[in-house]
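On the provided structure of chain A, position chain B as indicated by the hints.
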Amino acid sequence: MTEAGRREVPQALLERIRGDLQPIRPVLRPQTRAVVVALLAVIAAIVLLSIHGARQDLPSLASPMFLGMLAARIAAGSFLIFVALRDAMPAGRAGPAAVSTALAAGVAVLFLLPPVYASILVLDSSRIHVGSGFCYALVLGTAAVPFVIVYWLITRAYPLSPLRAGLLAGLGSGVLAEAAQFVACSNARPAHTMLFHGGGALTVALAGLLGGLALSLRRRREMSF
Amino acid sequence: MVRYQGGDEEAFREIYMRTSGAIERYLKRWSDSSRAADLTQDVYLQIHRARRTYRPELPLRPWMFAIARHVALQYIRTRGRRIAELQDDSALIAAAVGSPEAAVVARHDLTSALSELSPELRESLWLSEVEGFTSVEVARITGASEGAVRVRVHRARQKLRAVLNQSGGDA
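Those sequence lines, one after another, are chains A and B. Throughout the first sequence, residue numbering follows the working numbering, covering 1 to 225 in sequence. Throughout the second sequence, residue numbering follows the working numbering, covering 1 to 171 in sequence.
Pulled out of the complex, with its shape left as it was, chain A reads as follows (with noise of 0.2 Å):
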């Protein structure tokens, strides 16, 4: 010690430290790499929708009700993204209270809102065309364009839950690209969308959450005990 209260840093400690002290940028704030995630997943979207195409039914929907429910998915998801984010910041993380109503918005778009917008709605059976599959196929491969960039943006920062931040980032980001699918699929059917639509979103929290299992492993691997 140097005097009362001051002490040397070890050798050891600083040693591990020099080999990898090149400036650093802070990280941006939650909110601005929420609302950047959110446009890249809407430009995933776009692209997606460019080539899939539409739902075929998407001119007669364009009422307030369908808007509605679009708009709810995307912010739900986003909301998600965003409290993964700030959850992935110490002493600036989400509290209990921001998680659990972010998990259940996200649930909630997924599993409630398609029966009350199927009760709603008049379906045309003879206009669904789009195999269950290729639904489920869709909404991974439109949310891993958000949630990749989320969990590099999770590793680049340093949740103390990493489960809890895998888990947000993953149903976010499949909240979001279910969204897309809001759009794309005529089915309203409330199995094939709750089953194909929220069972690909789920699989991405999934994904999430082994993602966060990983980073709390690396973690604990680098730690003396």
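Calculated from the structure, these hints are not laboratory results. Hints are supplied without guarantee of correctness; some may be wrong.
[As the list claims (entries may be wrong)] Here are some chain B residues the structure puts well away from chain A; computed CB gaps all over 12 Å:
| id | residue |
| --- | --- |
| 1 | L117 |
| 2 | S118 |
| 3 | L121 |
| 4 | H154 |
| 5 | R157 |
| 6 | L164 |
[Unchecked claim] Stretch-level coverage of chain A by chain B, calculated; a stretch enters the list once three of its residues show a Cβ under 8 Å from a Cβ in chain B:
| id | stretch |
| --- | --- |
| 7 | 91-103 |
| 8 | 141-153 |
| 9 | 213-224 |
By construction, the Cβ of each residue, glycine as well, lies at the ideal position given by its N, Cα and C atoms.
Leaving out everything else, chain B in the frame of chain A:
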């Protein structure tokens, strides 16, 4: 901290010299004294890994203590020990008891009262009383809501006050 983020080794040394005493004292609550020094090094290594998440507009100490708490919890999980078994509250007792005479009378009672508090209550009380953090900062460190922290500190204080009053009456 901004200089440290810019790659200045001297800035890291300065942060370490100024803060490692408090971090080690905090870690002693969660581990045996002999391990606290090693854990302190783990904490600063993780602080280094996390340094890009520090934003200058936020206070530094809660950010550091949040990482220290994370390392301590990892240690406890690895060891498979219950949090309550490890808590060393000697500094909390010293802070709670005023005069040396009162300390002699009340130390035993306080230790007994503290052992009855839940780990969450004790931790909130420690961070508030010993480290001097505000409720907002304790919430940032522990991940609890600010309201929950206020309630925990209030309940813990009530309980300790009752013990001290009782102890004073007996003396």
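- Which of the listed hints are not met by the structure? Per hint list: single violation, 8.
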